[in-house]
Every structure is written in structure tokens, then in C-alpha cells.
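Trainee: Sequence:
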Amino acid sequence: MAKNRPKNSQDKDDEMFVDVELDEGTVTCKIITIFETGGKDYIAVLPLDKNGENKDGEVWIYGHTEDPDGTPHLHYIEDDDEYERASDAFDEYLDNEQFDAMP
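Here the numbering used here is used: the first residue of the sequence shown is 107, the next is one more, and so on.
Simulated from the structure, these hints should not be mistaken for laboratory data.
If you're wondering where the values come from, they're calculated on a predicted model, not measured in any experiment.
Be careful, since some hints might not be right.
Unchecked claim - List of simulated lysine-lysine pairs, DSSO-like, C-alpha gap at most 27 Å:
hint, residue 1, residue 2
1, Lys-136, Lys-156
2, Lys-136, Lys-146
3, Lys-136, Lys-161
Please construct the entire structure, taking both the sequences and the accompanying hints into account.
Mentor: See below:
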């Protein structure tokens with residue numbers, strides 16, 4: 107379960123990362139995208155192992171809000187229907203990205 111107040115960082119390639127605090131410890135995740143559906147913001151992240159890799163392609167989706175100062179907060183999505191809507195919206199994002207990447 108994600109806890110609030112993740113740390114946000116950026117590397118030299120302008121990739122964004124966030125540290126997600128779980129019950130088992132902290133996991134660094136690469137931010138794939140922040141998207142809106144149904145009037146709410148969500149974030150899709152790619153959890154990375156200790157070597158900075160994600161070998162299984164697993165993606166985590168959380169609710170997303172920001173403080174007035176821009177500090178991000180991730181929120182575990184407890185409602186199955188809401189999670190399904192967010193997941194469908196992320197799948198649509200991926201479809202559009204793949205289409206845009208075609209030559």
C-alpha cells in the first residue's frame with residue numbers, strides 16, 4: 107500500500123522517479139504518466155528493482171494529487187470500479203502512445 111508524501115526526483119534524461127513507501131519498504135518507481143479520467147488524476151508508475159530495472163513489466167496505478175506547493179501525493183485506489191476505470195484509461199494512453207510511435 108502506498109503511503110502519502112512520496113519523494114519526487116528527476117535524472118539527467120528528464121525521466122521522473124518517485125519513491126513509494128510500502129509496508130515492506132521503499133520502492134523507487136519510474137513515472138510513466140499522470141493522467142485524468144472521471145474528473146480525477148491518476149499516476150502510472152513502473153516499480154524498479156535494486157538495479158534500477160523492471161523485468162516483469164508490472165505497472166502500478168495510484169490516485170494522484172498535489173499540494174499547492176507541488177508536492178505529489180499518491181493514494182491507493184480501494185474501489186474496484188474506480189481502479190478498473192483508471193486501468194482502462196491507462197490502457198488507452200498506451201494504445202495512443204504506441205500509435206504515435208509508429209513511423
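Trainee: Hint numbers the structure violates, sorted upward?
Mentor: none
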